[in-house]
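J.: Each chain, written out:
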Amino acid sequence: MVRSTDVPTPVPAGDTELWSGLEEWAGTPEFRDMLHREFPEDATAWTDPVSRRTFLTLAGATAALAGVGCSPRMASREKIYPYTRQPAEMTPGLPLFFATGFTLNGITTGVLAKSREGRPIKLEGNPTHPGSLGGIDSVAQASLLNLYDPDRSRQILNKKNNPTAWEAMVGELKSAVGRMKADGKAIRILTETINSPTMGAVLTEFERTYPTAKVVQWEPAGRDNVREGAKLAFGEPVNIIYDFTKALRVVALDSDFLVSDRSSTRYARDFNQLRRTHLKEGDRVPAENELNRLYAVESMLTATGAVADHRLPIRSADVEGFARALAAAVGLTLPGSAPTVSADQQKWVAAIAKDLQAYKGKSAVIAGDHQSPAVHAIAHAINGALGNVGATVLVTAPIEVRPSSPAADLKTLVAEMNAGSVGALFILGGNPIYTAPTDLKFADALGRVGIKVHLGSHQDETAVVCDWHVNEAHFLETWNDGRAYDGTVSICQPLIAPLFGGRSGIELLSALLSETAELAPREIVKNYWRKNWPANGGSVGGFDAGWQLALRDGVIPGTAAARVDKQPAAAGIPAYVAPSPSMEVNFRADPTVFDGRYANNGWLQELPKQITKLTWDNAIIISPKTAADKNIGEERHGTRGPRIESTGGGEHGRTLADVAELTVNGRTIKGAVWIQPGHADNSVTVHLGYGRERCGKVGKGTGFNAYPLRGSEAPWIAVGGDLKKVDGDYILASTQAHWNMEGRRPVRRATRDEFAKNYAEYVKDPHKTALFAKVPPVAAPEWKSIDENVPGSPNEWKGASAEEHEKKRHAGHAHSHDHDHKKEDGKKEEEHSDEDKRLIPLTMVPDTNKHEARRWAMAIDLTTCIGCSACLAACVAENNIPVVGKKEVTRGREMHWIRVDRYYEGTDPNDAANLVTHFQPVPCQQCEKAPCEVVCPVAATIHSYDGLNDMVYNRCVGTRYCSNNCPYKVRRFNFLTFSDWKTDTYKLMRNPEVTVRERGVMEKCTYCVQRIRGAEIEAERQGREIRDGEILTACQQACPADAIVFGNLSDPKSRVNTWKSQPTNYGLLAELNTMPRTTYLAAVRNPNPELVRA
Amino acid sequence: MAQVFHRSMNSLARLTVFGLPMLFAGSVLGGTIIYRSGYITGQKEVVDQPVPFSHKHHTGELGIDCRYCHTGVETSSFAGIPPTKTCMNCHQQMWAGSEMLGVVRESYKLDQSIPWERVHILPRYVYFNHSIHIAKGVGCYSCHGEVDKMNLTHQAKPLLMEWCLKCHRDPAAHLRPKEEVFSMTWRPEQMKNPATGEPYTQRELGTELMEKHKVRGPLTLTSCSMCHR
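Line order of the protein sequences matches chains A and B.
Under the numbering used here, the residue at position 228 of the first sequence is numbered 228, and the numbers go up by one with no gaps.
Under the numbering used here, the residue at position 15 of the second sequence is numbered 1109, and the numbers go up by one with no gaps.
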């Protein structure tokens, strides 16, 4: 599958090889029109009607203000406030890193928090933490912004909404709970999933002191089904973890284990170790059994499904039937009658079962968090039958401090509340008014509770109906601890004193206990561990030394949950009840704002969701076929897609979505519809977390609230739904069509077999066969015309015959392979001049010094990229990238320096089963012959000595010529003052090493030049060379899949050179002769020959 | 036909033809001069400080090393302004009752920073790093001037980009041996060139030190992202 690159020609509808969305597939005139504008939003700015009066006012003001602010003198001197006593470890100007932990959904992931002058400015993965291994997901990364959220609750409020002092509140609460203890009135504590051992101990102590107290855990996107499934299979609520470094065949049953689980960061790293297509020892393409193979069976297209080698789209409700058929095919007998699956599904079942059986003990079946306990139990049973349990599937003791059944417990709590027997309810974190199952009518029940105390970071929906609201400390402001996906404990230490004096749940409860009332949170956590320090967790120095070490490393050694030596039993699995064939509704936590708690986080709101690329909204997601059934969207070329707005003075690219009413179990919500290729038919997915009423300025008015549709009877998958189009439409801000590559075959891809075949041919005759992915600098069809048309070809070629041209071309071509492929052939390199290496020696761009000792470059592996967008979030945090808001995103003005393009491959968007999805992160390619540089009139973008395409903000005058001339569309322009210069808290958050950009300035990826220069200064000072891997760009550092590598091209042993010497390496649009420093390793899949459609 | 213009118009025309370009040239020249003047750059402007700290007394007369107070200069981008504790190390004993030091004692007692006025102000898009300049043998003197003679500190150099570039284009003109970086009195003539036996000229010594300190060339040092990012 040699793919030459050719000049893009307008693509007729339905003939696009890769398409970014249904608009592109259908090739609508509006879409093409939009593409032909570099900045489709330009014209808009001038369509706002400006009255003569306004014009005159502005003109007058302009004249009056001319000269004001023009004084070149400094308006005022700055002040420097030094310490009075400087901490020993602190040097102003140098960052400090602290290991701490980020907890969400009952799982803590280790992070390293970077602190500058006492302010946390960036979160990075903690390489020593088992749940991170150095990677970090986008939600954890963006949680930093919550710390500086100006809408955070800033004080304790009493019943009358008056600010109250902590001591006064504690006094009142103490007497209240004391009274209840005496009267025997119930005290209830409603928390999120507890994985903090200290919190567990505090709660136990609380229950001991106040015998009428009881703890209820509630998590709207919790892992109840995982726990119940484990109980069914193993008889107790064990914790199941997977070792994907040994799993060569993986079946994901409606599971997005690579991206959206809290253990995904680790799983993505492990999983991709068996996915790399790098040549093995002896220049051999990895064999089929050396690469893993992933089968995904799911309804909504997830990132995991997108990177799967095979994906079967079926309703989530039908996954159980599929799982049972699979169990039967691997020889398991489950209770009850086996379901009958369709012939097509049976084919899949047979192929997967055969594959799994060939890899006994080296495969894994994993069920999604929202699948029923039965599916989990079946998956465990299959793993048991295949001998995977104990090998790739590891059973450990539970990691929750108090394993419980949240859904049932919450129901009991509401019943108690309704009965009026609850005297006091402490809601520690969480937002049950917004998230509780709608049929429980939590708000009504809460009205019957005596004293309601809410601890939360915002004055949210729950806070306003409670008597007391206590502002909660951010996790970077207080002491805590938490267990990782495998049980390993991290001490979560604060980096900053609470900005607004917030308190933690541990603090609040401890204050009501006599023993710990006076203790600072640090002492509470430390005292707990002093008593419970693991025997093998300390160092020689005893507890104190061990504690220091644990703080430094971010983990307490030896605290991983104990292995449980148990095999699953199938006997407990309930008999099969076939689901109704009616439309199903899937509830999922949102990929960015999660269960709604991050609704006010601009970084996450603007982070395009992995698959839909939607920002600032959720949607009712359906397949094109379902859309046709329900008459939603516009019919074009046999498929349904959204409308594209073409009115409004040139404003294009806004997705005009239909609005529909979604009904299930007698409840109805209304929302915009997103038509998603690859989604299972007759199935609807809605994401929770939007439509918040009280969350702050940022999240206000985004999306619709899906919780009112969600009952306790079917929290994840509800069958019997109905979708009805209603009048009206809604503008969705999806970035999928922005910065479009116009079908220039950006993603090179092949199956493993194709790769092996092409590589073998190349090895036989490198001169004749173009390599699998590597392209000659200019593709063959272009060569002739360039030769004829380029005036002043270099002298040595003048007058040469066509054959000689051809020879020269091959010489250069072969050489460029040699150069990349066989590094030891250094001599040969010297013999050739620079010109030989490329086919168009004529260029306006001067050569960069290729003998320079440092030449920075990047390679991105498209095989292992899982599209999770952690790179994007990391880039935003590192480079002070502003949030622009929904309106500006619809104008294509989002500022992200790296975008993750998502392409569909397939000839019919209706054919979900044959849809292949690819991800491609695109940062600035740092071209050696950068087209942007030659057009800048003020030299604001020019090359640095080490090959970086520098962007000099203070020189930029905003002509935007550079962006026009950039073939990769990676430059971003500050059309307005996007950076928030006013909000005080944001000033604390910014990376002081990176300029905050003003309006009218172009910006783009710099390869994190501040990190390069930092490392350079360090190395130069020590008089040594920069070590390979010493500089990690923010995107590379965050990447859970380790799909990005950065380093020095001039160092033959550098990792980036190893990657770039792979035969799958190619440059994006390399035919343009831009010589990009960022290259890609082609996407190679390892499909099962039995399932490949001929 | 009568003359349209009066005779005197001839001289006016001459004045216009020659005067306008001169006015233009003059304003360009004037602008340039004003732009580079201390009025704009803040050069030589003495800044009032909350405490009238004298570098002349502490460095010049007492001979306290720069690094006693500016502790970050060898490791960090920021040389560092000393914490009040550093002042109090001595002034708890010496001049403990001095009126001038009231602000310092107050700061120490109340644990509140002394609000020093910044003297050397670079634009926010400039990322200057002290440590690398020290490591490569650029003396404090080269940028900060004769600090040992300053009663109240002022900015000795214009700190314009062209001034930075002068050295980045030709570091040899300013380099000194690493052990002399903090000296205020060092001159290249004080050292003898072992090759010739004559006193060193800055050019000779600088060229040697470029090699010795592995100072990178002008092409590297004038890359935009060296200072702007």
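There's no promise every hint is true.
What the hints assert, rightly or not - Label pairs and their computed distance ranges (CB to CB): (1) A:E205 <-> B:E1193: 19 to 29 Å; (2) A:M90 <-> B:K1272: 21 to 31 Å; (3) B:P1217 <-> A:E1030: 24 to 34 Å; (4) A:R1021 <-> B:Q1284: 22 to 32 Å.
Stated by the list, open to error - Using 30 Å as the maximum straight-line C-alpha spacing, the simulated DSSO-like pairs for lysine-lysine come out as follows: (5) B:K1243 <-> A:K114; (6) A:K79 <-> B:K1203; (7) A:K79 <-> B:K1286; (8) B:K1243 <-> A:K1053; (9) B:K1243 <-> A:K79; (10) A:K214 <-> A:K174.
It is worth saying that the hints were derived from the structure and are not from the lab.
Using N, Cα and C, we set each Cβ at its ideal position, and we do this for glycine too.
J.: Next pair to validate is A:K214 with A:K174; report whether the Cα-Cα distance is within 30 Å.
T.: 17 Å, holds
J.: Range first: 21 to 31 Å. Now tell me if the beta carbons of A:M90 and B:K1272 are that far apart.
T.: 26 Å, holds
J.: A:K79 and B:K1203 were given as a pair; does the straight-line alpha-carbon distance stay at or below 30 Å?
T.: 21 Å, holds
J.: Please verify whether B:K1243 and A:K1053 have alpha carbons no more than 30 Å apart.
T.: Given pair B:K1243, A:K1053 is violated - Cα atoms ~53 Å apart, limit 30 Å.
J.: When you take the CB atoms of A:R1021 and B:Q1284, is the distance between them in 22 to 32 Å?
T.: 26 Å, holds
J.: Please verify whether B:K1243 and A:K79 have alpha carbons no more than 30 Å apart.
T.: With Cα atoms ~23 Å apart, B:K1243 and A:K79 stay inside 30 Å; holds.
J.: B:P1217 and A:E1030, beta-carbon distance inside 24 to 34 Å?
T.: Holds: the Cβ-Cβ distance is about 29 Å, inside 24 to 34 Å.
J.: Falls inside 19 to 29 Å, the C-beta gap from A:E205 to B:E1193?
T.: Cβ of A:E205 to Cβ of B:E1193: about 57 Å, so the range 19 to 29 Å is violated.
J.: Between B:K1243 and A:K114, does the CA-CA distance stay at or below 30 Å?
T.: 40 Å, violated
J.: Does the structure keep A:K79 and B:K1286 at a Cα separation of 30 Å or less?
T.: 44 Å, violated
In terms of the numbered hints stated before, the structure departs from hints 1, 5, 7, 8, listed from lowest to highest.
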